[in-house]
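Participant: Could you put the whole structure together from the sequences, leaning on the hints where they help?
Residue numbers (the numbering used here), protein chains in the order written: chain A, 183 to 351; chain B, 7 to 226.
None of these hints come from the bench; they were simulated from the model.
Please read these numbers as outputs of a predicted model, since none were measured by experiment.
All C-beta atoms in this analysis are idealised placements derived from N, C-alpha and C, irrespective of residue type, glycine included.
Do not rely on the hints blindly, as some may be mistaken.
Label pairs and their computed distance ranges (CB to CB) [stated by the list, open to error]:
{"hint": "1", "chain 1": "A", "residue 1": "340", "chain 2": "B", "residue 2": "215", "range": "14 to 24 Å"}
{"hint": "2", "chain 1": "A", "residue 1": "315", "chain 2": "B", "residue 2": "101", "range": "13 to 23 Å"}
{"hint": "3", "chain 1": "A", "residue 1": "328", "chain 2": "B", "residue 2": "112", "range": "38 to 48 Å"}
{"hint": "4", "chain 1": "A", "residue 1": "341", "chain 2": "B", "residue 2": "203", "range": "11 to 21 Å"}
{"hint": "5", "chain 1": "B", "residue 1": "88", "chain 2": "A", "residue 2": "241", "range": "19 to 29 Å"}
{"hint": "6", "chain 1": "A", "residue 1": "220", "chain 2": "B", "residue 2": "170", "range": "43 to 53 Å"}
{"hint": "7", "chain 1": "B", "residue 1": "146", "chain 2": "A", "residue 2": "288", "range": "42 to 52 Å"}
{"hint": "8", "chain 1": "A", "residue 1": "226", "chain 2": "B", "residue 2": "186", "range": "35 to 45 Å"}
{"hint": "9", "chain 1": "A", "residue 1": "284", "chain 2": "B", "residue 2": "141", "range": "36 to 46 Å"}
{"hint": "10", "chain 1": "B", "residue 1": "111", "chain 2": "A", "residue 2": "341", "range": "17 to 27 Å"}
{"hint": "11", "chain 1": "B", "residue 1": "112", "chain 2": "A", "residue 2": "250", "range": "17 to 27 Å"}
{"hint": "12", "chain 1": "A", "residue 1": "346", "chain 2": "B", "residue 2": "168", "range": "45 to 55 Å"}
{"hint": "13", "chain 1": "B", "residue 1": "88", "chain 2": "A", "residue 2": "329", "range": "44 to 54 Å"}
{"hint": "14", "chain 1": "B", "residue 1": "101", "chain 2": "A", "residue 2": "329", "range": "48 to 58 Å"}
Here are the simulated lysine-lysine pairs, BS3-like style, with alpha carbons at most 30 Å apart [said to hold, decoys possible]:
{"hint": "15", "chain 1": "B", "residue 1": "91", "chain 2": "B", "residue 2": "108"}
{"hint": "16", "chain 1": "B", "residue 1": "91", "chain 2": "A", "residue 2": "240"}
{"hint": "17", "chain 1": "B", "residue 1": "212", "chain 2": "A", "residue 2": "284"}
{"hint": "18", "chain 1": "A", "residue 1": "240", "chain 2": "B", "residue 2": "152"}
{"hint": "19", "chain 1": "A", "residue 1": "204", "chain 2": "A", "residue 2": "223"}
{"hint": "20", "chain 1": "B", "residue 1": "152", "chain 2": "A", "residue 2": "223"}
{"hint": "21", "chain 1": "B", "residue 1": "108", "chain 2": "A", "residue 2": "344"}
{"hint": "22", "chain 1": "A", "residue 1": "284", "chain 2": "A", "residue 2": "240"}
{"hint": "23", "chain 1": "B", "residue 1": "91", "chain 2": "B", "residue 2": "212"}
{"hint": "24", "chain 1": "B", "residue 1": "91", "chain 2": "A", "residue 2": "344"}
{"hint": "25", "chain 1": "A", "residue 1": "240", "chain 2": "A", "residue 2": "204"}
{"hint": "26", "chain 1": "A", "residue 1": "223", "chain 2": "A", "residue 2": "344"}
{"hint": "27", "chain 1": "B", "residue 1": "152", "chain 2": "A", "residue 2": "344"}
{"hint": "28", "chain 1": "A", "residue 1": "223", "chain 2": "B", "residue 2": "212"}
{"hint": "29", "chain 1": "A", "residue 1": "204", "chain 2": "A", "residue 2": "344"}
{"hint": "30", "chain 1": "A", "residue 1": "240", "chain 2": "A", "residue 2": "223"}
{"hint": "31", "chain 1": "B", "residue 1": "212", "chain 2": "B", "residue 2": "152"}
{"hint": "32", "chain 1": "A", "residue 1": "240", "chain 2": "B", "residue 2": "212"}
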Amino acid sequence: MNKPQSEPSTVSNLSNDKGIDKIDARILRVLQRDGRISNLKLAEEVHLSPTAVLERVKRLTRENFILGYEARLNPNKLGASMMVFIEVLLDRTAPDIMDTFKAAVQTRPEILECHLVAGGFDYLIKTRVADMAAYREMIASVIWSLPGVRETRTYTVMEEVKTTNALPI
Amino acid sequence: MPSAEPDLREAAEVATHPAAATDAAGAANDPVARARARPPRARERMRGRAAPAVAGDAPSGGPLDATDRHLLRLLQADGRITNLKLAQAVGLSSASTHERVKRLLRDGTILGFAARLNPQLLQAGLLVFAEVRLSDMSNEVNAAFKAAVQLRPEILECHEVAGGFDYLLKTRVAHMGAYRDLVAAVAWSLPGVRDVRTYAVMEELKNTTALPLPGPSSGS
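Facilitator: This is the structure we're talking about:
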């Protein structure tokens, strides 16, 4: 590798507009793939000394590039093998209705994501459930019971062609 | 001391399942009682609808018990938690905690560990969903589309759905121009794509990767 071998990056040697240099980017890529990698192995992968790598990881954490670490679990083993998306249309996007909606989606762990979108509907919701019965129970108790919900459209995932949480770096 | 958050969930489980409550209470300070406290049938009852949908998905070592789920919740929240802290939180010895985590990795319940990065600081602050319809669902067109999707790191997810369109894409990009380039490269360059509808996210109300862990507290 023709990368510089040491000198912890400072503000002055930033090599791109993300605020991180190429070594930082490599460290982040590795940590996205293996969040529990030892510092020693990480140092080997990015061709730096363990001390320098540790310092960089600390800085990336301190500066909020790294938000945390998580185990990735297998939905098929945890009663969450069915993925369903829901599009929700509201009667009107009044602040009180939106606040109620926001609070309601936080209460259910089956709702992994909920986004306010610009386009043909108001909310896009991603859920993981065991089966259709569980999905129906969830949507009835969380979504249909809310005031202001005009219409919901359900899209069942037949095949997860690609699923990753890794950001493009 | 066990950490507060998982305990609340355990408490909720106990509250809704009186039969399990006595077991859990008795097991709290006694490893032997804890081992006896959760016979397989009780576990099944506690999991309720969350029983594996596919027979092949059943864990080789039997269903997960409450301690397994507790471990999984902790590891979802902090993938780098030390074994010692895990052991303290679930009230087991370091050795048996380590053994359980190893088993959960071996049987594929834990797929891996990952750092969670900040999209706002990494030129991926704009979340855009796209609904894609293909002009024909022939194998060639589908295969070409699926292959194109794998190549682009900005496409975090792609799902083939049943409903009004064929694929739902979740993308993260720096700005709308980058999204446009992405769509041009992935969709418009392919012969079989009929139309792409774009939905830019204005607000992420909720965004987690943590799976709902089976337990009565999440099912009622």
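Participant: Each of the hints needs a verdict: does it hold here or not?
Facilitator: Each hint, compared with the structure:
1. 340/A / 215/B: 14 to 24 Å: holds (21 Å)
2. 315/A / 101/B: 13 to 23 Å: Roughly 40 Å apart at Cβ, these two residues miss the hinted range, so it is violated.
3. 328/A / 112/B: 38 to 48 Å: For residue 328/A and residue 112/B the Cβ distance comes to about 43 Å; the hint holds.
4. 341/A / 203/B: 11 to 21 Å: holds (20 Å)
5. 88/B / 241/A: 19 to 29 Å: holds (22 Å)
6. 220/A / 170/B: 43 to 53 Å: holds (48 Å)
7. 146/B / 288/A: 42 to 52 Å: Given about 43 Å between the Cβ atoms, the range holds.
8. 226/A / 186/B: 35 to 45 Å: The hint (35 to 45 Å, Cβ to Cβ) holds, given that residue 226/A and residue 186/B are roughly 39 Å apart.
9. 284/A / 141/B: 36 to 46 Å: holds (38 Å)
10. 111/B / 341/A: 17 to 27 Å: Distance hint for residue 111/B, residue 341/A holds at roughly 26 Å.
11. 112/B / 250/A: 17 to 27 Å: The hinted range 17 to 27 Å holds for residue 112/B and residue 250/A, with Cβ atoms some 25 Å apart.
12. 346/A / 168/B: 45 to 55 Å: Violated: the Cβ-Cβ distance is about 22 Å, outside 45 to 55 Å.
13. 88/B / 329/A: 44 to 54 Å: holds (46 Å)
14. 101/B / 329/A: 48 to 58 Å: holds (53 Å)
15. 91/B / 108/B: holds (16 Å)
16. 91/B / 240/A: holds (21 Å)
17. 212/B / 284/A: holds (8 Å)
18. 240/A / 152/B: violated (38 Å)
19. 204/A / 223/A: Holds, because 18 Å separates the two Cα atoms, which is no more than 30 Å.
20. 152/B / 223/A: violated (33 Å)
21. 108/B / 344/A: Holds. Residue 108/B to residue 344/A sits at ~27 Å (cutoff 30 Å).
22. 284/A / 240/A: Violated, at roughly 34 Å.
23. 91/B / 212/B: Holds: residue 91/B and residue 212/B sit about 28 Å apart, inside 30 Å.
24. 91/B / 344/A: violated (34 Å)
25. 240/A / 204/A: The hint holds at about 16 Å.
26. 223/A / 344/A: Roughly 28 Å separates the two Cα atoms, so the pair holds.
27. 152/B / 344/A: The hint holds at about 8 Å.
28. 223/A / 212/B: The hint is violated at about 34 Å.
29. 204/A / 344/A: Holds, because 26 Å separates the two Cα atoms, which is no more than 30 Å.
30. 240/A / 223/A: holds (16 Å)
31. 212/B / 152/B: It holds: about 28 Å lies between the C-alpha atoms, which stays within 30 Å.
32. 240/A / 212/B: holds (27 Å)
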